[in-house]
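Dock chain B against the given chain A, drawing on the hints supplied.
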Amino acid sequence: MGMAAAGTGLASVGFSRLIPFIHQPDEIIPGVSTWYATSCRECPAGCGMIVRNRDARVVKCEGNPYSPVNRGKLCARGQAAVTGLYDPDRIKSPMRRTEQGQLVETSWDDAFASIGNVLSRRPRIAFLTDLQTTSLNSLMKAWLSAFGSDRLITYETINYEYIKAVNGGVVPSYRIDQSDFLISFAADFLETWVSPVEFARQFSVMREVKNRKRGTFVYVGPRVSMTAANADLRIILPPGMSTSFARSIIDGRTIPGIRESDVRTIAQGLKSASRPLILPGLDADSARAASILEGFRTSTLVNRNRPHALTSSATSSELQALISDMENGRIDMLVIYNANPVYSLPEASRFAKALKHVRTVISMYSVMDETTTLANWILPSNTPLESWGDYSPYPGQTNLMQPTMGTLFDTRQTGDILIESARSAGINPVRTFRADSFYEFLRRQWGFPVASGEDAESVSPEWESLVQRGGRWSETGAAPPASGTGVLPKEESSTNREELRLWAFPHIYFYDGRGANRRWLQEIPEPVTNAVWGTWAEIHPSTARKMNIRTDDMLEIAQGGIKVQIPAFVWEGVAPGAIAVPIGEGHSKYGRFASGTGVNILPLLTTPYPAVKVRRLGASKWVTRIRGSDKQHGRDIVQTVAISESLERTSRIRLPLPEGYGKEDFYPGHEYKNHRWAMTVDLNKCIGCHACETACYAENNVAVVGPEGIWRRREMTWLRIDRYIDWKESSPILFQPMLCQHCDAAPCEPVCPVYASAHSDEGLNMQIYNRCVGTRYCSHNCPYKVRRFNWFDYQWPSPLHYQLNPDVTVRSRGVMEKCTFCIQRIREAEMTALRENRNLRDGEVIPACVQTCPTGVYTFGDLKDPNSKVSRIVQSDPRAYQVLAELNTKPAVIYLKRIVERPGR
Amino acid sequence: MTNQALRDIDDQVLGTLGRPSIRYMLVLGLFALLMLIGVIAYGFQYALGMGVTGLSVPVAWGVYITNFVWWIGIAHSGTLISAILYLFRTKWRNGINRAAEAMTIFAIMTAGLFPLIHLGRVWVFYWLLPYPNWRHLWPNFKSPLVWDVVAVSTYFIVSLLFFYLGMIPDLATVRDNTRDGRRRRLYTLLALGWTGRYEQWRHYARSYLALAALATPLVISVHSVVSWDFAMSLIRGWHTTIFAPYFVAGAIHSGLAMVITLLIPLRKILRLERILMPYYFEQMALLMILTGLIVGYSYGVETFMSWYSADIFERQFWMYRAFGSWAYSPLFWIMIFLNVAVPMTFFVKKLRTNLKYLLIAAILVNIGMWIERFVIIVVSLSHDYLPTSWGDYAPRFVEVWVTGFSFGLFFFLFLSFVKLFPCIPMSELKEQAIEEQRAIQERV
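Chains A and B, in that order, give the protein sequences. According to my numbering, numbering within the first sequence proceeds without interruption in unit steps and concludes at 1040. According to my numbering, numbering within the second sequence proceeds without interruption in unit steps and concludes at 702.
Pulled out of the complex, with its shape left as it was, chain A reads as follows (with noise of 0.2 Å):
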C-alpha cells in the first residue's frame, strides 16, 4: 500500500510554518525526549510500555522497565502500537446515520443530545466490549446499572474458554522459567497466547545451560509454529488427534504416524521431570489432552490462584445468548467498544443481521471496521496511547494509562464518553459515579480522589509518581471477575483421516485481527513462512500432491455453504491432512491497509477444526512472501552445538579491532581512540519473534513498500530475521537476526566512487545518505546482503509522518540505507556523558533492537572496554562465532552458537 501511494504522487511531507511557543511548557524541551508511561493495548497480555514524544509528537513505544509482565520489552505488536494511534484511517469525528441510511459527520453535542434521549428512556441495554479491567470495566458497569442493565459482555475472539473448563474456570498464570519439562499442546506462549513477553523472558530462562542441563521443551499440534520451531521435540498431529496422544503416553498405545520412540521419550522426560509444566492450547482437544496429562503429573507450576486477566472473556454460550436477545428484539441498544463481532465470529452474518433488530446501535471504535460501519452513532474513542485508564493483567498488577501525546482528531476519552451521554439522559455523574470525568473517576478507584480546587501545582506527588512511573504492582490482589466457565465439548468419537481439517490460528502480529491495519505488521513477515501482505493456506507435501497442489496454486476452501480462495503455501511443518490458515486477515473494512489484504476464514469455524472440502483451482496468486532460498547448502551459516560441545570455542574470531590484522591482510586496520561498538547476538535465545525488527522501523524511519515491493524483494528493513529449514535436523527451523556487521575490513567501503560508505572512527560503517549517488556497488559488494536501496519515495500518508524520528534522517529515492547501529543513540548517550562531565557506562547505549528483544538476544557495547559485558563475550563465549568469517571481512556482530539436541553442524 506504501507503493500505491508512491505512485499516485501524494504530495512529500511538509510543514509551511513553524510557530514557536510564546510560553515555553516546562516540561517540552525542543530535541529533548519526554518519556509517558502508560499500557500496552495491543492484545490482553498487559504489558507496561513507556512512550517516547518528541515535540508534543510521539515516535516511539518501549516496554517499562517497572512493569513485572515485560520488564521493559515488548513484542512486535507492541512496537507497532504507534501505527494504530497515526492510522490514517481513523474516524476524526463522531458520525450518525442518517434516515437514508448514509453515515455523516456530526458533532458531540449533537450526539449526546440525541443519544441522551434515548437514554432516559431507559432501553435495554446491552455493552460488547473487549476487555478491560479495573477502571473502564467499573465504569462500563456503573453506567450500566446507572440505566438497570447488566449485561456487560467482554468479547475476546480467542476466548481461553477450553483452558478455562479445564483449569476450574480460570486462566492460571505459570512459571515456565522453573520448569525443566514444558509440554505445550498447541499453546504458541511465545507468540498469542496469554503473556507472550512475559513467556518468552521465562523461556529464555528456561533454555539457558545450567551444570550441563537445560529444561526440555516439547510441543504437540497440528502446526509448527515459531513457538514449535524452538522445542526440543515437535509432535506434528493433524487437529483433533492430541487427547489420543495425551493419553498414549501415559498407557502407551502406539498412534498410526507417530513413532514409538518419541512416545517413550516424553513419557520418559514427564515421569522424571521435578518440575514438569503442561500448557493446554486454545482448542478443546488441546486443552483436554493437556488436562488428561496435568491428572498423570500435577505441575507447581501452575498458579489458578493468580489467575490472568483473560479469565474474564466472555464463553461463546453467553455470546449466542446476546445474539439470539437481539434477534427477539430484546435488545434496544448495543454498546461496542473495540469488538468486532461482524468480523470475527463465525455466525458474523447472523450477528450483522441481528444488529438491525437492535434500535441503538453505538460504536466507540477509532476505526471504521466491519461492526462500526453497521452502527447508527459512531462515537469515536481515543486511541489507548491518547487516554487515561488501567489495565490490570494479573491480581495486584494494573499498569496505568495516560495520555501520551495530545487527541489528534475530534475523538474522546471512552470513559467521558459514558459519563457525558449519563449526564445527557440526566443522570448526574458526581452523585452516580462520583466523578465528573473519567480522569476523576480513574483519580477516585486508584485512591487519590481530585480534591475540589485541585489544580495541577497541587497533584499528590504520590499520584503523580504512580503516573510517571506506570503502575501498581505488587504480589497480590483482588482476581478479575471470573465469566463463564465454558465447557470442553464431548470428545470427537474417531476422526476420518480421509478428511481435510481446517487448522485456523492467531496470526502472531495480527492476534484475532485487530492489528490488520498496521502497515509494519503487514510489511514484517511471519516468522516461519515468511510470508506477508496476505493470507496462505499451510499444506504438508503428501497431501499436497495428492491433489497436485504447489504453492501459489489458488485454492478453494469450503465448509458448511463458505467458500473462500486462498493460494497454497506447501511445506513439512504442517500435519498431513491439515491445512493450517492465519486467523486475523481479510478484513473487508479496517482501514486501507488491512481492507482486502487477505481472506477471513472466521466464517469456517462453526467448529474449531472443521473438516473442509478443498479444490485446486486453476489459477495462481503468489503467497507473497520474503523470498530466497530456504536452506543453508552447507554453508555454516546458522551454527549450532549440542550441550555438550558448547563449553568449547571452534571458531577463530577475526576481531574487528587492530589486533585482529595478520598476516592475512593486506592493510592495516583501524585505529580506535576512544569506542569499536560492537554486538553479540545469541542464537539460543533467539526464539524469531521480529520485535527486533519492528523496533527498528519505528526507530529509524524504515519506510514500508508494500506486497508487490516486497515481491520484488525490495523489502526496506535494516534487520532480518533468516529463517532456515532443514527437516532432517532437530532443530529443523533457525532462526538468525541479520543485520550490518560494522565490519572492520568492510568490503562496501572501498566500492562506493563516492565515500557515501565510510568507516566511523568508532568502528561503524556509515551510510551518507546526502552522499550517496545510488551506484548500488556497495550492496553487490555486501556479502550479508543487509544494504536496502531506496526505490522509489515512500510515502507516509499522514497522519503516520507524525511518527518519524527527529534524530533520523528520512532518505530519498536513489540512495541506500542500512542499520546504523543506531548511530542516533549512541550520540545521544555520548552528548549526555560529555555534559555529565563522565565517560559512558557499559550498557548505556541500547540500540532499538537490543532494547526490546523479549528473551536477552542482544549485547550491545563497546570493545576497546575490556570489562564491558561484550568484550566479556567475544573474549571467553565458547559458542561464539562470525557469519562467514573467512571472507575475513572482521565483523563487529558475532553471533553465539544455538544449543540444539543434535547439531547439524
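Rather than coming from a laboratory, the hints here were simulated on the basis of the structure. Using N, Cα and C, we set each Cβ at its ideal position, and we do this for glycine too. No false leads were slipped in.
Not everything, but these chain B residues come out facing chain A in the computed CB check (under 8 Å): (1) L306; (2) G307; (3) P316; (4) A318; (5) L377; (6) G378; (7) V382; (8) F383; (9) W385; (10) S647; (11) W648.
Okay, now just chain B, sitting in the frame of chain A:
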C-alpha cells in the same frame, strides 16, 4: 594510370556522400523514433525512481550495466583495427579503419550514457568527478567505478583525437569536391586549412603514429578496468583474475562482430564493393577465431577454477549457473555456443569467405556476447553468499526501451556519419595504392 586509380578511389568514397535515398531517411527516422521512445521510457525512471526497473537486492545491476559493458566492449575493436593494426602495418585495415573508428566513437558515447542511466540519483553524477569544491571532497579512487570514469573518458578523448586527426586529409578532399554552401563551410572548418603540403603530411604522420601508440595500450587497459568493476568485488563469478584478459578478448570479439555487422550491409548500400574487399572480412573472421578461442579458454578456466578452488560458494555457484536455473542456465549454454562454437566455423574457408554467412554469424556473436555480459552480471549476483538473499531478475518495460534507445542512438549516429563524412579513409587507400604501384614498377 596511377592518377586514374587514385581518382577512382576518391570518386567511390565521395559518391557515398550524395543525397540519401528516401529509404535511407526512413531507416534513419526509425532509429530516431526508437530514441524518442527510449527517452520517454527513461522519463518514467527519472520521475519515479529506479523502482520502475526490474532491479532489486541482490541483483541491483541488470540490463543497463550489461549494455554499458557490451557497448564499451564493441568500441575496443575499432581501436584495435585503427591503432594496433596500424602499428603492425597490416594492409587490410586500411579500408575499414575509419568506419571501425567511427563505430568506436559512437559506441563509447552510447556506453557512456549507461553509468548515468543506472544511477539512483543521476542529478548528482558529477560527484564522481574530481572537481574543486569547498568541502575538499574527492571521489574514492579505490573504487573501480572511479577507475571506469578515468578509463572511459581517457579512451574517448584519445579515440576522438585519433579519429579526427586521421580524417583531416580526407575532410580536405571532401571540401575540395563540395560545391559552395553550408556543407562546404563545415568541411572547410573541420579540415583546418589542410593543403597537403609536405610539412603538413610530416606532422600528420608523426601525430598519427603517436596517437596510435597512445591508443594501443588503451585497448588492453580500458576493458581490463571495466572488468575490474566486477573482479574487484567479492562476488563469486566475478572475483577472478581471468577477468581482465577474458573481457578484453571478449570485447575485441564482439567488436569485430559489430564491424562485420556494420560493414557488410554498408558495402551494399553505399556501393563500396570495390573498396571493401571480401578479403578484409575474411581477415576479421580469422581474428575472431583467435578471440573466440581466448573467450572459450576463459570459460574453461572459470570452470576449472570453480572445481579446483574447493570453495563451496564457487562450486555451488558454477553448478547453479550451468544447471540450476531454468531461466539462466539455458542462457549460459547458448552463450557458449554463440561465442565459441559459431566462430569456430570460420575455420572453414567457404564459410568465412561467404559474406552472407559472415553477417549472420557476426550478429549471432553479438547476441552471444550480450548474453555473456548479462549472464556474468545478473547470474553471479543472483546466487551469492547468504541463501536467504538469493533472487533473480528480469528486465522490465523501461529497461527494454532504454536499451532500444541505445541501439537507436548508435545506428542513428553511425548512419548519419556515413552520409556526412567520408567513412573510408581515402588518403590511406591512395597511399597504399601508390606503394603497391611502386612495388610493381620496381620489380619490373
